[in-house]
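**Student:** Below, each chain spelled out in residue letters.
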Amino acid sequence: MTNDEIIRIINDSLIKEFELDGKKMVPEAILYENLELDSLDRVDMVIVLETAFKFKIREEKEIRDIRTLGDIHNFVINKIREIERIS
Amino acid sequence: MPLKKSGPMSKTSHFLRQNNFIIVLMNLTVFPLLITMTIIGILISTPAFLVFKIIGRFETLHIIRFFVWIYGRGWLAIIKPFTRFQTKGLRKGDIKPPCIIVPNHLSFFDTFFMGALPFSNVCFAIRSWPFKMAWYAPFMKLARYLDVESRSWEELFEACKRELRSGATLLFFPEAHRSRDGKLGHFYSGAFKISVATGIPIIPLCITGTGEMYPPGRWFFKPAKVHLEALPAVAPSEFPGPYGHMAMRKFVKALMVEQIEKMR
Chain A
-3 MTNDEIIRII NDSLIKEFEL DGKKMVPEAI LYENLELDSL DRVDMVIVLE TAFKFKIREE
57 KEIRDIRTLG DIHNFVINKI REIERIS
Chain B
598 MPLKKSGPMS KTSHFLRQNN FIIVLMNLTV FPLLITMTII GILISTPAFL VFKIIGRFET
658 LHIIRFFVWI YGRGWLAIIK PFTRFQTKGL RKGDIKPPCI IVPNHLSFFD TFFMGALPFS
718 NVCFAIRSWP FKMAWYAPFM KLARYLDVES RSWEELFEAC KRELRSGATL LFFPEAHRSR
778 DGKLGHFYSG AFKISVATGI PIIPLCITGT GEMYPPGRWF FKPAKVHLEA LPAVAPSEFP
838 GPYGHMAMRK FVKALMVEQI EKMR
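As they're listed, the protein sequences go chains A and B.
Following the numbering used here, the residues of the first sequence are numbered contiguously, the last one being 83.
Following the numbering used here, the residues of the second sequence are numbered contiguously, the last one being 861.
One should not assume that every hint holds.
[Claimed, not checked] With beta-carbon atoms standing in for the labels, derived distance ranges:
#1 B/Arg815 x A/Glu80: 49 to 57 angstroms
#2 A/Ile26 x B/Asp778: 34 to 42 angstroms
#3 A/Glu56 x B/Ala645: 38 to 46 angstroms
#4 A/Ile26 x B/Pro837: 33 to 41 angstroms
#5 B/Ile632 x A/Ile73: 56 to 64 angstroms
#6 A/Arg60 x B/Phe848: 52 to 60 angstroms
Hints were generated in silico from the structure; no laboratory data involved.
The beta-carbon is built from N, C-alpha and C at its ideal position, and this holds for glycine as well.
Please model the entire structure based on the sequences and the hints provided.
**Tutor:** Take a look at the structure:
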């Protein structure tokens, strides 16, 4: 899976789950301010990503540092590359 | 040709003149009456509170929530001549507390219409800004309404559980913001997470017309047909598993979208 494909899946999953405006889905978008997601949405977002990519990330410490959509893209890309390396 | 046109045109302009007259009359009536009711309410609340407290021995928050409900009933009386107001599913016994009511949000005055609920022991879980209105803030604090923005989720969850255990009904606007286009916005998970965790049902409350009456960004009233309809309770047991609240949120929203479409 290419990085672009991963980013597309992330964006599509979040748009569908949280009814986000596709035009706001830029890497700089801050989750709270620009995408208007709250702390519970953040928890739900983890579930959405786990379902979309079939991995477990809820215990990962880095999730707490995620602020922007770009942070999510990078986190998921790194996670998938890590899984690919191990397997 | 001109004769054919003049008929409907004059009818239209007559209607507009009449309509404008009603709008002016509504604003010249509703605003002064609302301000008068608020001032009188503030003035008599202290002696009335003492009577309820000393003679009735009621709890402070129950007294204040009752006052707020009465204020809502007053609002319904003020607005009555200018709105065709209908309710469904809001008679005594239709809704059994404790429950979690989730209305859609179209207007600042949506909360005022909660005077149509069949009981007064309602705890509003709302955003921070209404707590900054000096004339309402003391009542909101005494009524122990929940400011969802200034608490952590854990604190809010504990406070909600306390309210539900005491028999109160919680009221969340799941969209958090007033709709600008009449469509339902993104539903936040809070109310549904609490429902799933506590086993307390959700009551979807569909509102139409308040957005035409007093939408965000407009500072005057227009007559409207306001319709409030409570849908049957949605049990959280129908949504088991760790993602239950997400499924419940989507289910309730779909129900409300469908019903609001029918009500329009």
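**Student:** Sort out which numbered hints this structure fails and list those numbers smallest first.
**Tutor:** Those not satisfied are hints 2, 3, 6.
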